[in-house]
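Chemist: With the sequences and hints as input, model every part of the structure.
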Amino acid sequence: MARRSKYPLPLLMRTAAAWVITLLLFFPLGWLALMAFKTELQAISVPPLWWFTPTLDNFREVQERSDYLLYARNSLITSVLSTVIGLMIATPAAYSMAFFKSRHTKNLLMWMLSTKMMPAVGALVPIYVLAQKSQLLDTRTGLVIIFMLSNLPIMVWMLYSYFKEIPNEILEAARMDGATLWQEFYRVTFPLALGGLASTGLLCLVLSWNKAFWSLNLSSAKAGTLATLIASYSSPEGLFWAKLSAASLMAIAPIVVFGWFSQKQLVQGLTFGAVK
Amino acid sequence: MNRLLPRLLLTPAVATLLLWMLVPLAMTVYFSVIRYNLMQPDQTGFNGLENFEYFLTDPSFSAAVLNTILLLGSVIVITVVLGMGLALLIDEAFPGRAVVRLLLISPFFVMPTVNALLWKHMMMHPIYGVLAQVSIFFGFTPVEWLSDHPLVSIIIMVSWQWLPFAALIFMTALQSMNREQLEAARMDGATYLQQLRYLYIPHLGRPVAVVVMIELIFLLSVFAEIYTTTGGGPGDASTNVAFLIFKQALLNFDAGVASAGALFAVLLANIAAAFLIRLVGKDLDK
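Keeping their order, the protein sequence lines are chains A and B.
Numbering follows the numbering used here, in which position 181 of the first sequence is assigned residue number 181; successive positions increment by one, without gaps.
Numbering follows the numbering used here, in which position 6 of the second sequence is assigned residue number 6; successive positions increment by one, without gaps.
None of these hints come from the bench; they were simulated from the model.
There may be inaccurate statements among the hints.
[To be verified] Below, a list of computed lysine to aspartate or glutamate pairs in the DMTMM-like style, where the Cα atoms sit at most 25 Å apart:
hint, chain 1, residue 1, chain 2, residue 2
1, A, 133, B, 42
2, A, 116, B, 215
3, A, 222, A, 64
4, A, 164, B, 215
5, A, 222, A, 67
Modeler: This is the structure in structure tokens:
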């Protein structure tokens, strides 16, 4: 009997196919990065230029014309703060649901998720009015509150699924040894759930950084995030692709690199622990 | 066990979410039955169901519902099918697999406004865009993506962003396949198609549910991609429900009609949520 190959496709073909597909999918981003180092004329040359002397002028000009650093700082502050506050509110809730399960727990979880299904635009008018009345329009505080609230259901869900994985026997053993609830949390549950907390935090950081709807509608020159800055480059005409690319690259590079380093945790987190 | 403590721990999250849901909802209900046009502040007062009638009989409305469903359905099918293919392709080791993984996941971290502008200008531009240049190279007429196929363009952008996500979830799931079972099937001479049919695809059932659930949550309200590229047009060709409400509120300044539309969106969200509960609710009982 002829020995059946272990793999459906020989190694060489698999490797080639995987690389071709990957490079095709990555191409738009690679192209964007290339464009950022071209002059405006090189950026629209026909046929496209592959080889050129790179320039850093675009980056300098983006900073000078639209104050990149201000928007970057806003993005950083709003995403970090909304994540930290979100974790502080979501962790006790998830802990309570995972370890003191009641007959309402399931409904509560589903209800939380259902608030996330509501399109943000549905709440736009009231939130806008509220933000205006409370002077939170175009402030970082306003964005932090909104980002935090809109991520909260996902945070509770993720943390809940991580806490669920901690075996009850460990907790019972701690209780038998006379640990108080605080000790039980601080010494046992918390260290065991640290990976879960990290994944949840990482994911919310990415989600907040990339949030466009609320920052587009509630912030502009003062509290605007990078998503706002980029949208301001969307004017229909104008051959300014090199600058647009530079601004885009500066907006996504921090979070993409961050994502590369934490991708394993991120993916595991996003599955709500349902996939191993 | 003390019964107060669990509730106390739950309170901050439940209370904030309740406020986050109820206050805007109550205000929306109120706005939806009054005359509330930001450009005509002198016109006020109760006007019954007129806003609803206006929103629901607007010819854009049915187009927007259809577009929402088309967008949602296409992206889910594309990402699940291609994501599964990709995951199976890179499941076994090959040279450079770690780098491939990193490159593949990158689009998922790109913010929607950058994604939209990148595709609008550098990929789909009918003269200078890469796609146009490729068509010319092969002797075809370049496609006017955003004006001739606006919805397809949006579907491409959103799928590009979410395909890596689906692929990585499936990849993670495949890592936990029972290797001995697979080996046994191979020894017994199962063809690759048979392995797919009886081993791989059944194993991916739950991950598919997870992908569908998360994409439902995020894609029901696709906004930035439409806002920064087609602006919903031409006509209503790429307007989804979320964008239609936005148009009513900020382009027509009619907060009343927009609120009526928002209530419709809440209804839509609840239908989707009911579907979700069927999909994942079972798992919560274990």
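Chemist: Give a verdict on every hint.
Modeler: Each hint tested on the structure:
no.	hint	in the structure
1	A/133 - B/42	holds (20 Å)
2	A/116 - B/215	holds (12 Å)
3	A/222 - A/64	holds (16 Å)
4	A/164 - B/215	holds (24 Å)
5	A/222 - A/67	holds (11 Å)
Of the hints listed earlier, there is not a single one the structure fails to meet.
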